[in-house]
Amino acid sequence: MISITGLGFISPLGDNLDAYMDALINLESAIKPIQLFDTGNYTACLGAEIADFDPKKYLTEKGLRYLDKNTKLVLSAAKLAIEDTKNPLINEKEEVGVVLGNTFGCLNSISNFDKMAITKGFTSINPSEFANTVANSSASNVSIKNNAMCMNVTVSSGYTSTLDAVIYACDMIKYERAKVLIAGGVEELCEQLHFAFDKLGVLSNEKEPKSYRGPFDKNSRGIILGEGAGMFILEGDKDTGLSRGKEYGKILGYGKFYEPEGNHKTGMYKAMEKALRNAGISPLDVDAVIASANGNNEMDGNEFEAIAEVFADSGDINVISIQGNVGECYSAKGAFQIIAALGMLEKQVILPTYGCKEPLAHYKNIKLYSKAVYKNIGYILINSFSTDGFYSSIIISK
Amino acid sequence: MKNRRVVITGIGVISSVGVGKTDFWNQIVEGQSGITEVERIDTSELPCHKGGEVKILDISKYLEKGQIDKMGKASQFGVIAAKLAAEDAQVQLESLELERVGVSLGTTYGEAQILEDIDDHLYLNNKKEDLAQLCEKFPYYQINANIAKVLKLKGENIMIPNACAAGNFAIGYAYDLISNNNMDCMFAGGVDVFSRVAYLGFNRLKAMAPEKVQPFDKDRKGMMVGEGAGIVFLESLDSALARGAEIYAEVLGYGVSNDAFDMVTPHPDGEGVLIAMKKAIKDANISLDDVDFISLHGTGTKANDKAEFQIMSQLFGEKNDDILVNSIKSMLGHTMGAASAIEAITCALIIKTGVIPPTINYENPDPNCNFNCVPNIARKHPVTVALNNSYAFGGNNTCLVLKKYHN
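Protein chains in written order, with the numbering used here: chain B, 639 to 1036; chain W, 276 to 682.
Treat each hint with caution, since some may be false.
[Unchecked claim] To list a few chain B residues with every Cβ distance to chain W over 10 Å, as calculated:
| hint | residue |
| --- | --- |
| 1 | LEU655 |
| 2 | CYS683 |
| 3 | LYS695 |
| 4 | ASN729 |
| 5 | ASP752 |
| 6 | TYR1012 |
[Said to hold, decoys possible] Derived lysine-lysine pairs resembling DSS-like cross-links, with alpha carbons at most 30 Å apart:
| hint | chain 1 | residue 1 | chain 2 | residue 2 |
| --- | --- | --- | --- | --- |
| 7 | B | LYS783 | W | LYS553 |
| 8 | W | LYS581 | W | LYS553 |
| 9 | W | LYS581 | W | LYS557 |
| 10 | B | LYS812 | W | LYS427 |
| 11 | W | LYS403 | B | LYS707 |
| 12 | W | LYS496 | B | LYS753 |
| 13 | B | LYS985 | B | LYS848 |
| 14 | B | LYS758 | W | LYS325 |
| 15 | B | LYS731 | W | LYS557 |
| 16 | W | LYS402 | B | LYS845 |
| 17 | B | LYS700 | W | LYS577 |
| 18 | B | LYS758 | W | LYS481 |
| 19 | W | LYS496 | B | LYS707 |
| 20 | W | LYS577 | B | LYS783 |
| 21 | B | LYS758 | W | LYS402 |
| 22 | W | LYS496 | B | LYS758 |
| 23 | W | LYS403 | B | LYS758 |
| 24 | W | LYS655 | W | LYS296 |
| 25 | B | LYS783 | W | LYS481 |
| 26 | W | LYS487 | B | LYS758 |
| 27 | W | LYS427 | B | LYS903 |
| 28 | B | LYS783 | W | LYS581 |
| 29 | B | LYS707 | B | LYS783 |
| 30 | B | LYS845 | W | LYS403 |
| 31 | B | LYS837 | W | LYS427 |
| 32 | W | LYS581 | W | LYS487 |
| 33 | B | LYS912 | W | LYS427 |
| 34 | B | LYS753 | W | LYS330 |
| 35 | W | LYS553 | B | LYS812 |
| 36 | W | LYS345 | B | LYS837 |
| 37 | B | LYS724 | W | LYS553 |
No lab work stands behind these hints: they were computed from the structure.
C-beta atoms are modelled at their ideal positions from N, C-alpha and C, and glycine is treated no differently.
Model the full assembly from the supplied sequences, consistent with the hints where possible.
See below:
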């Protein structure tokens, strides 16, 4: 088992765990009209931005000038996580590494670099910005800022990036290649990302936040993007004599599946089933599922069916989605799901699902909530599923 | 704890000098250069005009039109290299438990040429009709996804875009999964296509040589950008022996680190590289004395090559004079995320054949960089243990250890 002994995040609902959980419990949503760029030419105009993000609140100004927003988000989250942990190994440079889920983090930087070159000419390119164009630049900057030399890995798998990065980190600890890893995910809501999703026709064309219908709702018009970063301090559960301070939770097990034929329900089922088997627990033991559902009706419907099947013999299963609160944060999705899970374990609460007024299906054993319910929770299954055939699930416990 | 030995039984490679294991190997043993005038982009404004583009690949020979239309060029490279690796391994994939056969891949810029098309549309008014399809094909993970789709693989599927060391990271993780019995077989390696951003960026950094790449040479002037793909088929030793597979080499282990120093400039003392190499040697359960050959990062820049010499001298001491090294970047240029994978393949073939390809363009020894670098002409020399070193932007360092398989 792997312990989570520190966390830090910058989310559309703030950077404080209590405030984040209060917002989720009280059905608050960060979805509103996008301010950071002009959405006049797009179908979609809503997003869950962190419009007031100020990296100087978390980081010293030195060296910030040439870093892109994606990197500043993850540096800020990592700093909070490092300050949060009590593990003394966090200062031992050869014992600490970084694993980051990040798919489009460099997209803004690459595209702007390319744009400058092709519109203004070669000599107008700023060489200081070249390093930002590699996909691992955000993760590497975390190592540079925090003297984390053990390893530095970026994992890119879209919606499943954070869970895949966390799973990779857990493997590295289990394989004894690392003792402490700063792991998580980041995504920046930039215009290029919004453009791409808009062109794919998957964004909701809803104009009014109050009319928003999202995860699992049959009237959802699509997904709404969000942004942010969440980082965790992961360490092995062996007794090493270290003073760990607070343990937020444990990663009990995980499962991944790639489905090449596009059969989403099969892929989702397999990932959940593998996670349960890896954790050594049965569906009966699971108290809640934090779903991947984000308002994409096809995926949400498949996830409903897959969950119903996994838990067919275990009575009622509580199902939650937070994508209506924080938006679909893509590579950072899993980070905000994990934070919600840890908050649920701390407060012993089942969260309501924002944006679901009329579920697209009814399964006897699936319980969705329109308000928070307090009950005993020991095990939470988290799903991040991709339209591109990647399915990842992890089990978090107290 | 590792409980299974892991071997390389299949090789697939796309390079500027040859496509497929045999062509590639014959050309690099001959010391053929794949550096030519760049055709993909307009270099008229730039100080450098040459690169290692792949101009000899007829994609339609390997993929159907329907497949080509659904993928970007990097995916095409990856799928072809994976298919070549499977053919070379003579493995009947349909007879395997496909949920335990996966893909682990690295890249630097992924589907760079798709982004260029999108940027041309957005900023040069060079309109593309298929924008939605371009957006769908673009994400880096589509490369490993497409390999799994074509080969129908359902195991672990991961993209590690760790820049110029990505291939070693991908092969290392694949090795971990098999040796710890989480997967049975893996297609692992790296891919990159010729990138406008990379070419302009390195030109802007004044890091590029105008005419040729000359690793370790006194008059070396820099690196060159290339493209390619290298994928190995890895399986457990038991599996390879059971089906009578030809074994190129055994993967003994690997080590990684990060300099935690700078995005572009390596650590001046080489601390990160030393950490990675010591970890690799320990992981492989060998000693420094066991090392016969090192495939160096050898980009051909003043800074890299000098730093590598200092590091190897520090680590190996007097033995550094005896260890044979090379850099095939002298022939291919720097193939970015594919580089460490193609170099791992080269190490495997060196071990198998006992022939070391040369470091070409070597004219004047540099006393500050005085490697035993097999200059210009290949050398017959048995190699039992080879190290494959690669470093990257962001300060990532990797060392992969391969060994001749002995029963």
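Hint by hint, here is what the structure shows:
no. : hint                : result
1   : LEU655              : holds (28 Å)
2   : CYS683              : holds (19 Å)
3   : LYS695              : holds (23 Å)
4   : ASN729              : holds (13 Å)
5   : ASP752              : violated (5 Å)
6   : TYR1012             : holds (38 Å)
7   : B:LYS783 x W:LYS553 : holds (24 Å)
8   : W:LYS581 x W:LYS553 : holds (20 Å)
9   : W:LYS581 x W:LYS557 : holds (25 Å)
10  : B:LYS812 x W:LYS427 : holds (29 Å)
11  : W:LYS403 x B:LYS707 : holds (29 Å)
12  : W:LYS496 x B:LYS753 : holds (28 Å)
13  : B:LYS985 x B:LYS848 : holds (28 Å)
14  : B:LYS758 x W:LYS325 : holds (22 Å)
15  : B:LYS731 x W:LYS557 : holds (19 Å)
16  : W:LYS402 x B:LYS845 : holds (28 Å)
17  : B:LYS700 x W:LYS577 : holds (29 Å)
18  : B:LYS758 x W:LYS481 : holds (19 Å)
19  : W:LYS496 x B:LYS707 : violated (34 Å)
20  : W:LYS577 x B:LYS783 : holds (27 Å)
21  : B:LYS758 x W:LYS402 : holds (19 Å)
22  : W:LYS496 x B:LYS758 : holds (27 Å)
23  : W:LYS403 x B:LYS758 : holds (21 Å)
24  : W:LYS655 x W:LYS296 : holds (19 Å)
25  : B:LYS783 x W:LYS481 : holds (26 Å)
26  : W:LYS487 x B:LYS758 : holds (29 Å)
27  : W:LYS427 x B:LYS903 : holds (17 Å)
28  : B:LYS783 x W:LYS581 : holds (26 Å)
29  : B:LYS707 x B:LYS783 : holds (15 Å)
30  : B:LYS845 x W:LYS403 : holds (28 Å)
31  : B:LYS837 x W:LYS427 : holds (28 Å)
32  : W:LYS581 x W:LYS487 : holds (18 Å)
33  : B:LYS912 x W:LYS427 : holds (19 Å)
34  : B:LYS753 x W:LYS330 : holds (27 Å)
35  : W:LYS553 x B:LYS812 : holds (20 Å)
36  : W:LYS345 x B:LYS837 : holds (17 Å)
37  : B:LYS724 x W:LYS553 : holds (29 Å)
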